[in-house]
Amino acid sequence: MERSTGTVYLVGAGPGDPDLITVKGLELLRRAGVVVYDRLIPRELLLQCRRTAELIHVGKKPGRPSIAQEQINRMLIDRALQGKLVVRLKGGDPFVFGRGGEEQNACQKAGVHCVVVPGVSSALAAAASVGIPVTYRQKSRHFVVVTGHSNGEGDPLDYSALASIDTIVILMGRSNLAEFCESLMIAGKDPATPAACVEWATTQKQRLSTGSLQSIAALVERDKLEPPVVTIVGEVAALAATSDSFARECWQLADPAHRGDHPWLS
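The letter at position 147 of the sequence shown is residue 147 when you use this note's numbering, and the numbering goes up by one with no holes.
Derived by calculation from the structure, the hints in this document are not laboratory data.
The C-beta atom is built at its ideal place from N, Cα and C for all residues, glycine as well.
Take these hints with a grain of salt, some might be off.
Quick list of simulated restraints, FRET-style, between CB atoms [what the hints assert, rightly or not]: (1) 191 with 39: 28 to 38 Å; (2) 22 with 78: 18 to 28 Å; (3) 179 with 81: 38 to 48 Å.
Each computed DMTMM-like pair below joins lysine to aspartate or glutamate, with the alpha-carbon atoms no more than 25 Å apart [said to hold, decoys possible]: (4) 24 with 54; (5) 205 with 182; (6) 205 with 158; (7) 224 with 179; (8) 60 with 235; (9) 109 with 70; (10) 224 with 182; (11) 205 with 19; (12) 24 with 44; (13) 84 with 102; (14) 84 with 27; (15) 84 with 70; (16) 61 with 226; (17) 61 with 44; (18) 61 with 38; (19) 139 with 235; (20) 61 with 221; (21) 139 with 158; (22) 60 with 221; (23) 61 with 223; (24) 61 with 166.
Model the full assembly from the supplied sequences, consistent with the hints where possible.
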């Protein structure tokens, strides 16, 4: 039963394969009265919602007009104040470059109960889906996850510090990958360092490009990889599977055949 005061659950949907949502996240999705979801959420997950649930798409697409974050915050708060169980369904993990912290803060300031349900981040799942361990004895003692997307806010990345990290995982960096790699090399990262890019990780559309820090941007252009793309730079990237068959065998999409349509889905 929904709380009379309403609750907002920030739920991580996982990296793309609908089977990779957590058990708790799926249960909340099935109970929710309102689901506010992002652009890359698998349709198979939305089909798990109640037929009476209100489904609201607030996805942001690069280069396109999008709903302001403040408007999304207000939407969550308003529905919760109506006594609804609200699921804010976010790709990956809500607190890994997902603005989940901002939404939690807005709810708390409004006196709305907010609960975070962690998800599997694409930062880890993309690497795993092609056989790359982000840590490995004698190869990778530490790793860092950074955003490759720059909107002109905040301080620029400290490439000198990044260059000293064994494994670098870059999210949302497809559009400026060449500049990112060049900055790492200028900062002292060996141009021959292995690198891999994974497109649509953990889904049937997954593709892989491998090369070096110096060559990977050109290879991604050659292979026409498009967002979402996760880039891994470090010695462990040399362990990437040589064929996408690994992904097809290990990351199967759930069969939606037994599920019906949902009135909120077009």
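List of violated hint numbers, smallest to largest: Of the numbered hints given earlier, those the structure breaks are 5, 6, 8 and 24, listed in rising order.
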